[in-house]
Amino acid sequence: MSSAATPASDAPVFFDLNEHPHPEGHSTSLGFWIYLMSDCLIFAVLFATFAVLSGSFAAGPGPRELFELPLVALNTSMLLLSSITYGFAMLTMEKDRVAATQAWLAITALFGIAFLSIELYEFHHLIAEGATPQRSAFLSAFFVLVGTHGLHVTFGTIWLFTLMVQVKQRGLVPGNKRRLMCLSMFWHFLDVVWIGVFTFVYLMGVLR
Amino acid sequence: MSAHDTSAAHAPADAHDAHGAEPHGSLRGYMIGFILSVILTAIPFWLVMTGALGSTTATAFAIMGLAVVQIVVHMVYFLHMNFRTEGGWSMLALVFTLILVVIMLAGSMWVMYHLNTNMMPGAHDMRQML
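Chains as they are written, first to last, in the numbering used here: chain A, 1 to 208; chain B, 1 to 130.
Hint data in this document are derived by calculation from the structure and do not stem from the laboratory.
Hints may be right or wrong, so weigh each one.
Claimed, not checked - Part of the chain B face toward chain A, derived, beta carbon under 7 Å: (1) 41; (2) 45; (3) 105.
By construction, the Cβ of each residue, glycine as well, lies at the ideal position given by its N, Cα and C atoms.
Please model the entire structure based on the sequences and the hints provided.
Here is the structure:
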């Protein structure tokens with residue numbers, strides 16, 4: 001405390017002149033978590049839109065004719081496998097094994113790309129059948145919700161490759177470990193959103 | 001005054017320890033989470049694809065319940081959520097977000113369902129008109 005703020009008298013001090021130290025990145029994980037929560041709200045809005053519009057087919061095709069559950073199950077397993085391989089990457093990162101971390105990250109990226117390829121194949125198949133986003137309110141809501149999730153996975157994969165380059169150049173320095181931890185939260189969060197997608201969009205759609 | 005000083009000195013160190021050692025999980029934790037999620041994914045797909053439960057309503061409630069359980073499993077074993085990380089602030093942010101999500105989802109569906117049933121000239125209204 002500087003001499004000005006020393007409570008020589010009994011006057012209360014309502015402010016802290018000596019700020020306690022903030023080590024670099026010590027608040028990153030909380031800040032990134034709050035970003036993820038705001039992202040969660042975006043998805044909640046899209047889920048609500050889909051829930052409201054999921055019955056408005058405009059005499060167009062419905063989920064029962066359009067969705068192929070084996071394909072969705074394959075897609076889900078790709079995302080689930082990428083989640084566990086990212087977990088292995090985090091475990092090897094903790095032990096400072098650079099090569100193993102890079103290998104697990106590469107496998108995670110492959111699963112991510114497989115997920116995106118299957119999703120793009122599905123979208124292409126739907127559009128070729130005439131089930132375009134313009135066809136009905138149901139299809140608009142479907143493409144926006146599933147497409148937003150796919151866009152997140154796309155940017156997560158780009159981020160993953162960026163971090164692989166950074167780890168290659170700098171090694172597993174504290175900054176890179178922090179970035180890998182953020183991407184880990186992002187990646188697992190997308191898997192959580194996908195649980196909602198396959199349950200409420202695909203399975204409930206086929207069920208109704 | 002002294003109590004405030006010690007808490008200020010300890011807070012960053014505690015926060016750092018909390019995310020330095022614990023939240024990355026263990027191999028065992030990741031494997032438990034993975035096996036549980038495989039099971040919790042396989043059951044709803046199996047229920048819907050085979051229609052094993054018979055009734056549509058029962059299947060719908062079953063897959064929604066399984067989805068909620070799987071989300072909790074992912075939160076605990078993959079995202080390492082608990083009441084201690086970041087001094088409880090991440091859990092607080094999560095709870096706040098979940099409240100908003102529930103209000104948004106339930107509110108939209110409730111309002112729009114009533115709008116749909118009341119605004120559409122359904123069979124009920126047509127009969128009244130005749």
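Notebook entry, point to check: Do the numbers back the hint for residue 105 of chain B, that is, is its least Cβ distance to chain A under 7 Å?
Noted result: holds, 5 Å
Checklist line | Interface hint outcome for residue 41 of chain B [beta carbon to chain A under 7 Å] | finding: holds, 6 Å
Next item on the list: Could you check if residue 45 of chain B really has its C-beta closer than 7 Å to a C-beta on chain A?
Entry: Cβ of residue 45 of chain B sits 5 Å from chain A, so the hint holds.
The structure meets every hint from the earlier list without exception.
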